[in-house]
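Going down the list, the sequences are from chains C and F. The opening position of the first sequence corresponds to residue 1 in full-length UniProt numbering, with each subsequent residue numbered one higher. The opening position of the second sequence corresponds to residue 1 in full-length UniProt numbering, with each subsequent residue numbered one higher.
Since the hints were derived computationally from the structure, they do not count as laboratory data. Treat the hints with care, as some may be off.
[To be verified] Using 27 Å as the maximum straight-line C-alpha spacing, the simulated DSS-like pairs for lysine-lysine come out as follows:
#1 LYS29(C) - LYS306(F)
#2 LYS83(F) - LYS31(F)
#3 LYS61(C) - LYS31(F)
#4 LYS83(F) - LYS75(C)
#5 LYS306(F) - LYS20(C)
#6 LYS350(F) - LYS92(C)
#7 LYS75(C) - LYS337(F)
#8 LYS350(F) - LYS61(C)
#9 LYS29(C) - LYS350(F)
#10 LYS17(F) - LYS92(C)
#11 LYS239(F) - LYS75(C)
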Amino acid sequence: MSIDTDTARRVAHLARIAVKEEDLPDLAKELSGILSFMEQLNEVDVEGVEPMTSVTPMRLKRRADGVTDGDMQVKILSNAPDAREGFFAVPKVVE
Amino acid sequence: MTLSKLTIAAARDALRKGDMTATDLTEACLKEAGDAKALNAFVHDTPEQAREQAKAADARLARGDAPAMCGIPLGIKDLFCTKSVGSQAASNILSGFRPEYESTVTQNLWDAGAVMLGKLNMDEFAMGSSNETSAYGNVVNPWRRAGDDTPLTPGGSSGGSSAAVAADLCLAATGTDTGGSIRQPAAFTGIVGLKPTYGRCSRWGVVAFASSLDQAGPMTKTVRDAAIMLEAMAGYDPKDSTSAEIPVPDFEAMLTGDIRGSKIGIPREYRMDGMPGEIETLWARGAEMLRDAGAEIVDISLPHTKYALPAYYVIAPAEASSNLARYDGVRYGHRAKLAQGDGIVQMYEKTRAEGFGPEVQRRVMIGTYVLSAGFYDAYYNRARKVRALIKKDFDDVFATGVDAILTPATPSAAFGLGEMAEADPVQMYLNDVFTVTVNLAGLPGISVPAGQDDRGLPLGLQLIGRPWEEGALLNTADVLERAAGFVSKPGKWW
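The whole structure should be built from the sequences, with the hints applied where relevant.
Below is the structure:
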């Protein structure tokens, strides 16, 4: 499966990474190279094999659905690039 | 001798006897680390914290209440969140990030009395095999080829950790291993690196790369030290739902030196075309050493080995693309300067383009692609099925009574920094060919220095163990380490 420039543009947008128009052909080539390496997986007979979901055969822990933490607004905002009046601030989202 | 050259075991004994103080030991390490800027291993220094922790350790030692790690100076990989200390996974996207919390593994170490010297360089988000993707710049391997000044890679992604331990800047370091990131750098620098069973060490507070593969582990000067340090790092943590609620044994007590009757498998699929002769020789010698120690050597087959690397390079980027979605310029780290009229999508896209380096961008995009509608089954689900088959290969072998598997750790000795710059990304990925199966199957694996190539560079062998049997694995590794008798150190040029 080879990736063309349009697909590369779409993938970059889905990944929310700005890629300059002139860099798209090289990116497409690079991604195609990696994907062709992955094509080897098509040689394997996976008929009837369940996809692995858990590394060790264990049931994930359950706990009561209760509040165990909180009241740390200052700590949570301490690393924000832009925080105002106790909130994270971002550019206008709704027109 | 500089105190920083001590092993954990020797330092522990000397501290308990009162032959030196934790403060002496810490000062010696701070000096060595300060003099070794040319290696670029330490990227955030924490001398004040180190001195305070050393003082507290001395008080604890005086009270006679000192666990094995008490007063032991460590380097911590930058992937671990450490409270109030820069923790940025060697990425510009986390520049300036100072966590408000401490990772469970590092907290366990501080509770055991260990001392933090500073944070160690690595590949950005642990994605790399040469420490050349770091926002802090390359780490330089303390080892050089005989009669040649070419700077070499310390391996990756835990390259700052491997360089710092090999150069005796600290007694040991933490590493993390998603596809070989502890074992490959350990092999490139002549030290010991252990990746525990998935779930043995908590992942809480460790910046996530690929959550079903990531595991923290010790990088040390000896196998005994790995046993001591793992015990302090490991343990059940309710904050990591995949951490295992099983007891942590006294791993050091399991180093009996007796491996008589144990069965060691040699997997035929690990004999790769074009593998250097010296790696093949080292591997055969390692098998002989274990046979001489009373183990039975058997040929085994792990038929899906060839597909481990392509499966890994689907699964790891897929998980990474999801984990790294959180770096959006809103809650922490870098935010791009915006142009007039830019909205939130431009903010995300510019921030991530500026903050992530090329290799991270590449993997996030590959991961996005294999998870996207129409390709999810063809790539991601197929890779997860192949992963199940790879795990079954190991299950089948262990079911025949094999206790451990011996393989080379890496397909070559350390290569030159920049040597792979023109190569295809897939060429770099081949570094993980012997290590990546272990992560896919969630098994413990250890790299032990076992010899040198014809230019004097260290070479490692890998032992793979049964799940949760790190104790038996360490015992076999200890026997191999002693039989190999690797004692060389890099000549100091830095």
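Among all the numbered hints in the text so far, which are the ones the structure does not match?
-> 3, 5, 8, 10
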